[in-house]
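J.: What follows is the residue order along each chain.
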Amino acid sequence: MGAIQELSTLENSAAAPEQHASEELEVKAKKFLRGNGANLEVLKDKKLKGQLAVREELYGQSAKAAAKTEKWLMPTDGGYLEPEGLEKTWRIKQESIVREVDLLSSRKAFDIVLPELGPYKLDYTSNGRYMAVAGRRGHLAIIDMKTMALIKEIQVRETVRDVVFLHNELFFAAAQKKYAYIYNRDGTELHCLKEHGPPLKLQFLKNHFLLASTNKFGQLHYQDITTGEMVANFRTGLGRCNVMQVNPCNAVIGLGHNGGQLTMWKPTSGAPLVRMLCHRGPVTAVAFHTGGHLMATAGMDHKIKLWDLRKFETLRTYHGHANALDFSQRGLLAIGMGSFIQIRRDSSGDQDYSLYMTHRMAKGYQIGKVLFQSYEDVLGIGHSNGISSILVPGSGEPNFDSWVANPFENSRQRREKETHALLDKLPPETIMLDPRQIGTVKSSKKKEKPSEKEIEAEVEAAIEAAKNVKLKNKTKGRNKASKRAKKKLEGVVRAKRPFLEHQMEESKKRQRTSQEEVELPKSLQRFVRKKP
Amino acid sequence: MKVKVISRPTDEYTRERSQDLQRVFRNYDPGLRPQEKATEYVRALNAAKLEKIFARPFIGVMDDHIDSISCMAKNPNYLKGIFSGSMDGDIRFWDIASRKTVCQFSGHQGAVRGLTASTDGRTLVSCGSDCTVRLWRVPLPNGLDSVESSSSSSKLLAAYVWKNAFLAADHQWEGDLFATAGAQVDIWDHNRSQPVNSFEWGKDTVVSVRFNPAEPDVLATSASDRSITIYDLRMASPAKKVLMKTKTNAISWNPMEPMNFTAANEDCRCYSYDARKLDEAKCVHQDHVSAVMDIDYSPTGREFVTGSYDRTVRIFPYNGGHSREIFHTKRMQRVFCVKFTCDASYIVSGSDDTNLRLWKANASEQLGVLLPRERKKQEYLEAVKNRYKHLPEIKRIVRHRHLPKPIYKAASLRRTMVEAERKKEERRKAHSAPGSSSTEPFRKRRIIKEID
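First to last, the sequence lines map onto chains A and B. Quick note on numbering: full-length UniProt numbering labels position 87 of the first sequence as 87, and the sequence is numbered without any gaps. Quick note on numbering: full-length UniProt numbering labels position 227 of the second sequence as 227, and the sequence is numbered without any gaps.
Check before you lean on any hint, since a few could be wrong.
[Claimed, not checked] Which bits of chain A does chain B cover? Going by a derived footprint, with three or more residues having C-beta under 8 angstroms, they are:
#, region
1, 23-36
2, 97-105
3, 174-186
4, 242-250
5, 362-370
6, 389-403
[What the hints assert, rightly or not] Residues from chain B that face chain A, not an exhaustive set, calculated with beta carbons under 8 angstroms:
#, residue
7, Lys2
8, Ile6
9, Tyr13
10, Thr14
11, Val42
12, Cys342
13, Lys389
14, Leu391
15, Pro392
Just so you know, these hints were derived from the structure itself, not from any lab. Where is the CB? At the ideal position from N, CA and C, for every residue including glycine.
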């Protein structure tokens with residue numbers, strides 16, 4: 001008996017991990033399913049239903065296969081920082097981290113002090129291999145982060161406000177005193193982009209090959225760098241705009257304005273897609289999460305806010321006067337305030353970004369730019385006295401895809417990738433708030449409501465019908481003319497009743513919706529159109 | 001404190017020697033590829049455009065005949081060979097790969113109207129307006145008997161003279177009977193000088209005959225009294241007949257669904273029937289602007305090719321109402337016969353201008369051996385194109401075909417006429433008492449009656 005029991009418990013214990021593994025697989029496969037399947041129950045067309053069911057099953061199978069192979073394809077685990085005992089992660093100093101990690105990684109943390117050439121801005125290529133730095137006093141340089149070799153350094157003898165890499169490390173654009181310029185890796189000036197005006201900020205949309213800029217007149221320019229065509233030129237009408245960030249998920253550009261507003265733009269519409277009031281004071285920095293559902297903004301009102309981009313609502317508010325924000329590939333949020341850096345992490349999974357790490361630069365350094373290096377656990381910092389980089393364990397994606405971004409690519413692979421990127425260049429029309437809408441069916445409009453005239457005619461007809469009802473001849477006394485007239489009147493009232501009830505319901509519904517409109521989030525309320 | 005950061009030594013992520021393959025790392029996470037759908041759409045659009053650019057369906061012409069081509073036959077045992085017969089009594093055997101005549105069978109005094117090969121591919125049956133049925137020995141493809149091919153008389157196995165002129169012939173798929181059509185349907189044996197059996201239903205001329213691929217004893221014929229008749233050799237009398245409003249020129253059975261056949265009709269349309277249920281067509285295929293002269297199914301059974309009097313060749317899906325492809329050239333005249341090759345990748349058309357033309361079944365398909373990576377890429381592009389085929393831009397590009405001006409005009413005229421008819425019918429219905437008139441479905445409209 002005892003042996004049998006033991007056996008059964010053994011079986012249970014063997015079954016439990018199996019079940020556990022299958023559950024884990026389901027969770028992993030969910031990522032590859034890209035959302036829920038279509039609801040097939042509502043379909044009436046049996047043939048279509050069958051076809052879609054087969055396709056859904058195929059999707060499920062391929063997602064499962066992808067989840068299973070993940071273990072073999074993605075061997076590297078992400079970085080981590082775990083405290084022991086009473087340690088707190090945010091008390092751990094950079095020096096001690098650098099001491100602990102291997103030699104190769106310890107070289108990635110550095111400080112370059114260049115006090116004369118002014119506040120520095122920086123940018124990484126999409127594979128994280130190269131860094132471009134721009135000092136305000138005209139210093140431009142490209143550095144290979146793998147070998148830490150300076151590839152090229154030039155002095156343009158002009159104010160440089162921003163620098164951004166184009167689709168690969170061969171080209172970069174710099175926002176200079178009067179115009180934006182495009183240089184190649186050897187420092188040769190290739191183009192002078194005069195139409196942009198004196199640009200303050202540059203951003204590159206790498207799937208669309210669009211270079212976007214803002215200038216001090218509050219204009220937003222989009223230029224296609226493959227053809228040189230100006231795709232769009234919009235006046236924001238909200239004054240000088242020094243804050244611009246691309247949402248990596250849908251390529252919509254977010255602009256932060258001095259009035260505390262944040263506007264989102266696409267090149268095919270002259271009016272902003274979204275206007276929201278984020279801060280009671282100028283917006284100083286914006287960052288978008290790679291998943292596209294989260295945005296962080298910072299303002300002069302000493303607040304850092306996290307926004308849910310699906311509902312356009314504030315999720316969290318933190319205090320601090322931040323000048324620079326950035327999300328890492330794995331969702332860490334770096335906040336640069338003065339000479340102090342905070343790194344926050346969503347440790348519990350409920351968008352509550354708690355403090356993860358802190359770092360203090362030398363006193364007096366003003367941080368102007370923070371940027372995570374993709375596919376590495378490194379945060380690059382551009383500040384008033386040069387550039388620095390620190391190690392942030394767990395910030396980068398550990399497994400790269402050679403066909404998406406390869407940090408080890410050679411010139412041949414780069415050339416091939418460039419060709420493919422140009423073949424797959426997206427037209428500007430594909431930029432929209434929800435990029436999954438492409439190829440879906442526009443939901444049909446609701447059924448037309450009957451017009452007032454039609455309703456009136458219906459009422460008339462009902463009344464007429466009620467009036468023409470022939471009353472039965474009743475027994476003596478009940479067949480009086482007055483009684484008959486009363487009965488007819490009752491009939492008419494009864495016929496009118498459903499129409500009146502419907503009308504009342506409608507008006508109630510209308511009231512309710514107008515109330516709901518008032519209950520919009522605070523930031524959007526001021527834009528509600530007042531009805532006469 | 002436990003700490004780990006990502007560290008990638010260069011030698012672990014790159015190849016050791018320059019002869020090695022480049023190392024590839026994959027991460028299928030959708031988060032790394034933003035705007036997937038937009039990218040797929042752009043790829044589908046580019047694939048559709050490329051397909052248009054590479055659409056070069058015409059391969060070549062086979063031009064040794066000196067009169068218009070009247071009939072063709074496939075050799076079921078030899079992929080590269082095709083027989084053609086012309087109106088001057090000349091029969092040729094072609095090698096499709098080199099587009100040259102392999103040998104010539106001469107002997108017919110009048111036009112050759114029916115041509116068919118036996119299942120083993122060794123015997124060719126021809127019949128024509130000189131009232132003879134001739135059996136020929138087909139030379140072996142490897143050229144073993146090339147010596148005797150020079151003397152044409154030795155190839156003639158038999159010549160049977162009969163009472164009437166013939167219009168069509170077809171061999172059983174399995175067995176050694178063949179059928180000829182003329183004044184009646186005659187069933188012949190290879191070794192008998194007279195038909196073993198004759199069928200007649202009415203006094204009209206039978207214009208085409210075709211055996212069923214699965215049931216060797218079942219055959220379908222069409223006659224000039226506008227009927228399609230199904231015969232069973234095991235029974236003494238014909239089995240079934242359907243009478244249509246216009247004549248059927250040719251019939252082809254679907255080799256994969258052998259109960260279905262498609263009839264090429266004079267009224268510019270093709271009608272797919274279920275042989276068990278002839279009171280209604282399964283599908284009406286329309287796009288031609290003149291009488292459809294010949295039809296042949298692909299061996300896959302998924303599509304068929306038609307040749308028409310309007311000087312075009314079209315390819316239809318077996319269950320679709322409109323053609324997916326149209327072939328035309330300036331010099332191609334009225335098409336009298338078309339054939340799919342036995343590997344479903346080429347089409348041969350024979351026309352009034354004495355030429356046989358060779359076409360690709362998929363206009364933009366790359367010929368030759370594909371590398372695995374190339375093939376995968378083609379499959380991927382096909383899949384994305386299929387996924388986004390409903391979007392207006394892609395639909396427009398994929399659907400567009402350039403038409404010769406007369407056909408374009410005739411098609412638009414036909415459209416106008418059909419539309420006018422539909423409107424008229426609609427008005428008639430609106431002004432008659434409700435329920436008194438009912439619209440007949442298009443699949444039934446051209447059928448007069450079914451006779452058992």
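J.: Taking the hints in turn, state whether each one holds.
T.: Evaluated hints:
no.	hint	result
1	23-36	holds (count 3)
2	97-105	holds (count 6)
3	174-186	violated (count 0)
4	242-250	holds (count 3)
5	362-370	violated (count 0)
6	389-403	holds (count 10)
7	Lys2	holds, 4 angstroms
8	Ile6	holds, 5 angstroms
9	Tyr13	holds, 5 angstroms
10	Thr14	holds, 5 angstroms
11	Val42	holds, 6 angstroms
12	Cys342	violated, 31 angstroms
13	Lys389	violated, 10 angstroms
14	Leu391	holds, 6 angstroms
15	Pro392	violated, 11 angstroms
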